[in-house]
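K.L.:
As you go down the protein sequences, you meet chains Z and S in turn. Residue numbering for the first sequence follows full-length UniProt numbering, starting at 1 and increasing by one per position. Residue numbering for the second sequence follows full-length UniProt numbering, starting at 1 and increasing by one per position.
Keep in mind that the hints were calculated from the coordinates and are not lab data. If you're wondering where the values come from, they're calculated on a predicted model, not measured in any experiment. The reader is advised that the hints may include incorrect statements.
No distinction is drawn between identical chains; accordingly, a pair holds when it is met within one copy or between any pair of copies.
[Claimed, not checked] Okay, derived cross-link-like pairs now, SDA-like style, lysine to any residue, Cα gap no bigger than 20 Å in a straight line:
| # | residue 1 | residue 2 |
| --- | --- | --- |
| 1 | K148 | D95 |
| 2 | K148 | Q97 |
| 3 | K148 | R313 |
| 4 | K148 | R204 |
| 5 | K148 | P207 |
| 6 | K148 | R211 |
2 protein chains.
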Amino acid sequence: MTLVELPALVDTDAAALLSATTDRSGWPGAAPPRGVVRARDVGDVRDVLAWANATGTSVIARGGGSGLAGAAAGVDGAVVLDLSGLDRILAIDPDEQLARVEPGVITADLDAAAAAHGLMYAPDPGSVSISTIGGNIATNAGGLRGAKYGVTRDHVLALDVVLADGTQVHVGRDTIKGVTGYDLVGLFTGSEGTLGVIVGATVRLLPRPARTATLSAYFSDIETAAHAVSAITRSGARPAVLEIVDGQTLGAIDAVEGTDLRVRGEAFLLVQTDGFGAEEELAVIAAALAPFAALVETATDAAASDRLLFARRRALPALEAIGRPLIEDVAVPRSRLAEAVRRIRAIAEEENVRIFVFGHAGDGNLHPIIVTESEPAGAPIPAAAQRAADRIFALALELGGTITAEHGVGRLKREWAARELGADVHALQTRIRDLFDPRGILNPGSSL
Amino acid sequence: MTLVELPALVDTDAAALLSATTDRSGWPGAAPPRGVVRARDVGDVRDVLAWANATGTSVIARGGGSGLAGAAAGVDGAVVLDLSGLDRILAIDPDEQLARVEPGVITADLDAAAAAHGLMYAPDPGSVSISTIGGNIATNAGGLRGAKYGVTRDHVLALDVVLADGTQVHVGRDTIKGVTGYDLVGLFTGSEGTLGVIVGATVRLLPRPARTATLSAYFSDIETAAHAVSAITRSGARPAVLEIVDGQTLGAIDAVEGTDLRVRGEAFLLVQTDGFGAEEELAVIAAALAPFAALVETATDAAASDRLLFARRRALPALEAIGRPLIEDVAVPRSRLAEAVRRIRAIAEEENVRIFVFGHAGDGNLHPIIVTESEPAGAPIPAAAQRAADRIFALALELGGTITAEHGVGRLKREWAARELGADVHALQTRIRDLFDPRGILNPGSSL
Ligand SMILES: Cc1cc2nc3c(=O)[nH]c(=O)nc-3n(C[C@H](O)[C@H](O)[C@H](O)COP(=O)(O)OP(=O)(O)OC[C@H]3O[C@@H](n4cnc5c(N)ncnc54)[C@H](O)[C@@H]3O)c2cc1C
Ligand SMILES: Cc1cc2nc3c(=O)[nH]c(=O)nc-3n(C[C@H](O)[C@H](O)[C@H](O)COP(=O)(O)OP(=O)(O)OC[C@H]3O[C@@H](n4cnc5c(N)ncnc54)[C@H](O)[C@@H]3O)c2cc1C
Numbered sequence: 001m002t003l004v005e006l007p008a009l010v011d012t013d014a015a016a017l018l019s020a021t022t023d024r025s026g027w028p029g030a031a032p033p034r035g036v037v038r039a040r041d042v043g044d045v046r047d048v049l050a051w052a053n054a055t056g057t058s059v060i061a062r063g064g065g066s067g068l069a070g071a072a073a074g075v076d077g078a079v080v081l082d083l084s085g086l087d088r089i090l091a092i093d094p095d096e097q098l099a100r101v102e103p104g105v106i107t108a109d110l111d112a113a114a115a116a117h118g119l120m121y122a123p124d125p126g127s128v129s130i131s132t133i134g135g136n137i138a139t140n141a142g143g144l145r146g147a148k149y150g151v152t153r154d155h156v157l158a159l160d161v162v163l164a165d166g167t168q169v170h171v172g173r174d175t176i177k178g179v180t181g182y183d184l185v186g187l188f189t190g191s192e193g194t195l196g197v198i199v200g201a202t203v204r205l206l207p208r209p210a211r212t213a214t215l216s217a218y219f220s221d222i223e224t225a226a227h228a229v230s231a232i233t234r235s236g237a238r239p240a241v242l243e244i245v246d247g248q249t250l251g252a253i254d255a256v257e258g259t260d261l262r263v264r265g266e267a268f269l270l271v272q273t274d275g276f277g278a279e280e281e282l283a284v285i286a287a288a289l290a291p292f293a294a295l296v297e298t299a300t301d302a303a304a305s306d307r308l309l310f311a312r313r314r315a316l317p318a319l320e321a322i323g324r325p326l327i328e329d330v331a332v333p334r335s336r337l338a339e340a341v342r343r344i345r346a347i348a349e350e351e352n353v354r355i356f357v358f359g360h361a362g363d364g365n366l367h368p369i370i371v372t373e374s375e376p377a378g379a380p381i382p383a384a385a386q387r388a389a390d391r392i393f394a395l396a397l398e399l400g401g402t403i404t405a406e407h408g409v410g411r412l413k414r415e416w417a418a419r420e421l422g423a424d425v426h427a428l429q430t431r432i433r434d435l436f437d438p439r440g441i442l443n444p445g446s447s448l
Numbered sequence: 001m002t003l004v005e006l007p008a009l010v011d012t013d014a015a016a017l018l019s020a021t022t023d024r025s026g027w028p029g030a031a032p033p034r035g036v037v038r039a040r041d042v043g044d045v046r047d048v049l050a051w052a053n054a055t056g057t058s059v060i061a062r063g064g065g066s067g068l069a070g071a072a073a074g075v076d077g078a079v080v081l082d083l084s085g086l087d088r089i090l091a092i093d094p095d096e097q098l099a100r101v102e103p104g105v106i107t108a109d110l111d112a113a114a115a116a117h118g119l120m121y122a123p124d125p126g127s128v129s130i131s132t133i134g135g136n137i138a139t140n141a142g143g144l145r146g147a148k149y150g151v152t153r154d155h156v157l158a159l160d161v162v163l164a165d166g167t168q169v170h171v172g173r174d175t176i177k178g179v180t181g182y183d184l185v186g187l188f189t190g191s192e193g194t195l196g197v198i199v200g201a202t203v204r205l206l207p208r209p210a211r212t213a214t215l216s217a218y219f220s221d222i223e224t225a226a227h228a229v230s231a232i233t234r235s236g237a238r239p240a241v242l243e244i245v246d247g248q249t250l251g252a253i254d255a256v257e258g259t260d261l262r263v264r265g266e267a268f269l270l271v272q273t274d275g276f277g278a279e280e281e282l283a284v285i286a287a288a289l290a291p292f293a294a295l296v297e298t299a300t301d302a303a304a305s306d307r308l309l310f311a312r313r314r315a316l317p318a319l320e321a322i323g324r325p326l327i328e329d330v331a332v333p334r335s336r337l338a339e340a341v342r343r344i345r346a347i348a349e350e351e352n353v354r355i356f357v358f359g360h361a362g363d364g365n366l367h368p369i370i371v372t373e374s375e376p377a378g379a380p381i382p383a384a385a386q387r388a389a390d391r392i393f394a395l396a397l398e399l400g401g402t403i404t405a406e407h408g409v410g411r412l413k414r415e416w417a418a419r420e421l422g423a424d425v426h427a428l429q430t431r432i433r434d435l436f437d438p439r440g441i442l443n444p445g446s447s448l
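Excised from the complex, chain Z in its bound form (with noise of 0.2 Å):
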């Protein structure tokens, strides 16, 4: 079979090329892939992947194409598998409590799905509504709720998986444990389309919970707001969200929106607490953070508490608007919060430009964004930002952490990956890779 055989399912008008030409990074275009292929069903899946491998074809699997890494971009000569249109529902179970769903369903729609049975899908990625729960799990994305809920890998039970030769696989299993054989689940899970394609998965619900608690707090800076962090880790709460917005993005939303928010101080924090306690502990943590905050407003209703989440969800959004944002998304041990803000304040003011920091300060993930002029797309990268992203990284690595806690290696990052792994650790992924993919030909040139 050759690319002709399949003519229905080749688009390659430009249009679409260019839109598959890069992700949500914005990054990096190059020449525009071969072709779009359209998925309608899994054979599609099996017989694309038959014919790429047998004539050495690069294939990108790609979901919402809202990958913040470059990992699901084009590039000359690739086909782009787009799994969008895979987009049932297959199954909600409030017994077993899991759901059994096609690649493309998009992550919001799980969760609505799952809160009509009273359930919650619950890694939530800022992309909700634009990502896909197969590139959720190709990517292991985190989210706001991960401070308590964790990430994409903890609630992925099973998952169909076609492998590069076209053959297809069932891993994991039905049931909520289960150690027979390697963990397969997990070693596909995060790997950004590198060693097969994700066409079915059975993820796990869990209760909607009873309630929620919502607090903001804004602090006279940002290591203050650091400490704050620490002390909430130190009270025995354990939030459900914890982000972490600075002054500068305050500044750019009040820009954007017409607000007031960087009056109010020079960081702010999110926090919501969940399930039955959610009130006595959002108090526990309010008295942890009293002695370091400015101010402080909480909320038990919804409609207060969107009011409470605003600066956290316009964050991204305000700087898009302002800038062409290079996103970062470093983790460090949570001790070390204020010190790599810090630290990477005095970058941008060494490198001359401008970085924005927000994130999950639950979990140690800071995303630095560094806004340059609104060059066009396709542009390459300047190189100030790209100094200061490489000595981000540095910094990360210096402090223990990891150049990327939930975006992805991808295209933008794969030195500083080779780097953080080192030589061993790198020889042995490369090896699993070349296990499973011997052609080479699953998303050549991205991730390891």
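Given chain Z, put chain S with the ligands in place with the hints provided.
P.N.:
Quick look at chain S with the ligands alone, frame taken from chain Z:
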């Protein structure tokens, strides 16, 4: 270097060899191993593996020897590598909520050290006082708190591993999140000593719950108890502990302990909630199970909840006192619990063997215990018991479950593991094993 060059390390004393011939499964008792090496430090582990790889000698890592799958059982020609001496807790970090440990640390010792800082190490297999963290990781052990806190995998951040050829690698990271490279921590977790020897681990600690609340309930029969489990699942509550014990097991405890548990009912559920809303959450559960229960007792202080835990804690020891237990470990979808128990009963009758059932109901994890007469240790599994076990495995797979939820495959369940995985996935897993251990020296004849 030859084994002869490590004389101080190698113990070939008959008693040492005999005790290394089996684990707590009691089975199977092949010829004793060639020697036992008690590692004094990580260098010893590297030396032994480098030597073994060069000479093609089998190495069986061993922690507490509390395994129930014969996975740490020494076999003819192999060297048993005992890690129990590497038992230092290197750090407990309350700011990061993590611990760094050597592999031989006893599970309960780590939890106790964490408790001194108001923290807990959540995974709590029934064997906490005799199993090691290294063994827990190698088997991906579950435990009583698993209903809420998951399994060992969910609590391991980074590992130091000596590979088959004696080289040492560090995988994972010391931050809560991180997606650089494939999930090798997950791959080693549950690999039963077949991919490398764990010589160090960074594990997560969580705040010790502010409060716990405990309830025990008795039911007229085990099907009714299983229906109560479904009602709890649907109630919106998330119990930390949800255990089931059948009437026959209650009877065995009564016989051994002189108690009168079985007069209260033919099935027992133990439920524990924790956290700030513990009492309210327990009340929701009590309301959900009330329509099914014959008798309910609740406790909020430690002494009273210990009394309620008694029946669950004494289950296995009682069965060990009355005969020789063959301990199974299936999981089924939670809604199939009642059917599973009913059919296990039928198997017991048809094969004319005694089968007692208890387990982690919240995870759908049942431990059917086939108790045979007390043959001398080392005697093979009686034919009827093996037939019953095989039928239980087949039943678990038929119901959409697994042949081992937490104890592992080891030497006792290899054929069934291959059946559960299917030829394609089994072949894929075998290739991963070969990649890590090309000479096949790590625990050959066990697991896959
Ligand atoms: C506003 C915004 C907020 C965000 N917030 C978060 C956040 O809080 N946490 C977070 O982790 N990320 C976040 N992201 C990043 C992004 O949304 C996630 O990485 C998401 O998981 C990508 O899903 P997707 O379906 O868009 O995947 P894509 O971008 O299409 O692809 C991402 C990667 O997954 C692979 N892939 C996609 N589908 C499959 C499949 N079926 N099989 C195999 N491989 C596949 C691709 O090859 C690529 O390597 C955010 C992005 C935006 C734009
Ligand atoms: C009374 C009782 C109750 C139990 N309850 C539970 C329970 O609730 N949940 C549960 O999951 N299990 C339970 N078990 C089973 C057992 O305790 C677990 O499997 C435990 O994790 C084994 O730990 P260990 O240190 O004793 O390992 P061992 O028995 O010594 O070894 C088990 C396996 O791990 C490998 N291994 C050990 N250490 C290392 C290392 N450092 N590196 C690489 N491989 C290694 C061995 O090669 C072997 O394959 C119970 C056992 C008993 C006797």
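K.L.:
Of the numbered hints stated earlier in the document, which are not met by this structure?
P.N.:
none
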